[in-house]
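Chains as they are written, first to last, in our numbering: chain A, 1 to 315; chain B, 1 to 253; chain C, 1 to 265.
Note that these hints are calculated values from the structure, not bench results. Each residue gets a CB set at the ideal place from its N, CA and C atoms; glycine is no exception. Do not rely on the hints blindly, as some may be mistaken.
Unchecked claim - Some chain A residues close to chain C (C-beta under 10 Å, calculated; not the full set):
| hint | residue |
| --- | --- |
| 1 | C52 |
| 2 | R73 |
| 3 | L76 |
| 4 | R87 |
| 5 | F160 |
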Amino acid sequence: MISAQGLTKRFSTRRSELTAVDGVEFDIPAGQFVGYVGPNGAGKSTTIKMMCGILRPTAGRIVVDGLDPCDDRRKLSRRMGVVFGQRSQLWWDLPLRDSFQLVRRLYGVEPLDFRRRLAHLTDVLELGPLLERPVRALSLGQRMRGELAAAVLPAPRLLFLDEPTIGLDIEAKAAVRTFLAELNLEQGTTTVLTTHDLGDIVQLCRRILIIDHGRVIYDGSIEGLREAFDVGRGLVVDLFEEGPVEVEGAIHLRSEGRRHWLQVPRSQRTADVVGKMLAAYEVEDLTVEEPDIEDVVRRIYREGGVLGDSSSSGP
Amino acid sequence: MYWAGFRRQSRYVASLAVGVAANVFFGIIRSALFVSLYRQKEHVAGLDVTAVLTYVWVLQVVFGVVFVTWIWEFADSVRSGDFAAELVKPGAVLGRLLAVDLGRSSFALATRGLPQLAVAGIVLDLRLPTTPPGVLMFALSLALCAVAASQLRFLFGSLAFWTPDYRGWWTMLFGFLWFTGGFLVPVEFFPGALRWIGEHGPLAGLLAMPVRVATGRGAASALAEQACWVVVAAAACHSVMATAERRMVIHGG
Amino acid sequence: MGSPYGALAGAKVRSLASAPGLLVLRSAGDVFIVTMEALAPLLLVSQFGSIAGWSGPEVAMLIGVARTGEGLALIVGRGIDPNTFGDTVRLGRFDQILTRPVSPLLWLLTSDVELRFVFRAAAGAGVVGWSAHRLSVLSPGTAVVLAAAAVASALFVLSTLVIGAAVTFRTVEGSDFAVLLSNGGMGLAAFPLEVYSSALRLIFTFLVPVGLCVYVPVLTVLDRDGPGVLGPGLLPVLPVVVGAFAGLSLLTWRQGIRHYESTGS
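Bound-form chain A, shown alone (with noise of 0.2 Å):
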């Protein structure tokens, strides 16, 4: 569905040349949901907009449904969906309603199967109540679920998406979650999503491609980054008085005064080892932390880039 082969994007200033993609590629099959992640400025927009035919290659090849996304962007925008977390798609002083009735004459969508898919969109995604509502008095939550519900009418075959559950609350988050794994099972909508969010990650992608500095620094599944890496808990524990801390199980990071920073392994139980530092220590404060994507990949960047596993293929 998606190839790319040789993908490269240098900005070149009056000054300076500035590689924002170097060589990327990859081959993402139809149905996959992938997830495509890096720290800021690692390249992860360049290229989603490279795909999506905002941008022209400096050099290299993309190939997205059997279309050159620049060329043809028309074409491939008929087949696409894009949902940005941060910038709404919708028509904002108009009901919601409204804007998919745009939305409909935009893409072509015939009456009968709007109609269907309005329906089922409207029970699954709950937005029965906001239909009649402008799109500015909506919450961040209802909103995201009307953009979903907008880029998803016309059944597109590919679906992009930048950080769709910032800023939600978890009841939102899960109900996001929840209706693009239906969509990419029901429908085999090829899915790239981009995310800060590792939990997005770990619940919806089977396939995760890390880029770092323009290159992709990790192509593979999720378990395997996982067991590569050893991404485990972070513990940051403060106790009533100074003084050192061990406690089995967990690696000591460092220590500031009364504050202290330990690394909980995948192979521990987290619940474990507090258990065991509430009994060894007076613990005045503690706080379990799920490392950031960015922890990971500065760890990945740091000890080299692994390719990953070969467990990336099928949706």
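Given chain A's structure and the hints, the job is docking chains B and C onto it.
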């Protein structure tokens, strides 16, 4: 870093150049119009072609002082609530506001307006003051014009305290101001009583008076009248500001 | 599949209808300004007898045609307004437009419809109608010519806006120049071209075709000749030159998009 600064200034210069080009262009076409008109009749309404050409080029200068690029800043900041922060700072709010505004328009005057006028004066036959007292009076007149413009902008902008549609009212008032201030046609050409109002009314200090001072037609009395109107306008601004402050305190801005 | 552009414009109109107060005020303001502008030549003629041999109503007709065209163009031109287009590009909104299955230019023109300029166009048309009546030249034939002039002027202004937007892709300041072209052109065309030097006349008739759009049709309606080669006989040239100008603007727009594709925002 030097080159970054240099380049940033060059972009500023580029937009400045286009702005100047626009002013010069309009100056040229209006000059052409009046030259053509005065070929038909040598003296009209007490003005000859040189006086009217002077009017055209002083107009171009004054335009940049009255209709400035930052004209919406004050009103928008009132609307958005940012202005409330100003009221908390110590000192006279109005004075500060007008001082800053005046500083900016003076800069525009000095860097764009006056050089333009100087070049026009060299290329064309204009009636500009050449004696030291004459030049001083003209400078004073332009200064009073800038003050009057700041006051006018404040008064128009203060509409924002009372209505969200201030931009709408401004569009209406703009047409009126533009015409009656003599920016379309010199006020001396107005018929009957309208001419008197144009020459001595509150808007005269913006354009009509500076032109009179430049061409030496009763410069002293023109300056005196300008000063009077500035004082009156200052009182108006003061009372508007006081009312607005009271309102903001009561309604919470 | 019906055209989506009508739907886009309709959406914008409905969203505008939610703030009628501002609309009324600004429209009234525009009407007021156009009326003032039309009064200016009358005032000048009362003092000077004529403007280069043209009477007050005759010059008012020029102003009316120019403003009608400008008003028509700005109804759809808001989306590519040089003052705001820079922000549209910078804030990433243009990227969003590119992901839609529509021509980005048509999207920009239809999704930011500004109703208030309908009143500017109406005021301009009112001035034209009044002056035509005053001069007793109102007839089906002249009405057609004047309408064509208004449309051509609109196309002219729109083309300068498109050029301005296209240049904005490369440099933000460049669009000021396009504004100068349209405002300057319209300002110049508001008075009979006899007033200007022959160089200025030629530039603003054939290169920046505002003279062809406003002056030549009015000459035709008034059945008079202009200086030099300018006269009613030039009328057939109007669609060709304005078409070429519009074509040029589309070319610069295409170039602008290509530039955007290679450098992004």
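For each hint, the structure was consulted:
A cut of 10 Å between beta carbons decides the hint on A/C52: the least distance to chain C is about 5 Å, and the hint holds. Hint status for A/R73: holds, given a least beta-carbon distance of 7 Å to chain C, under 10 Å. For A/L76, the interface hint holds, since its Cβ comes within 10 Å of a Cβ in chain C; the closest pair sits about 9 Å apart. For A/R87, the interface hint holds, the least distance from its beta-carbon to any beta-carbon of chain C being 6 Å, beneath 10 Å.
A distance limit of 10 Å between C-beta atoms decides the matter here; for A/F160 the minimum to chain C is near 8 Å, and the interface restraint holds.
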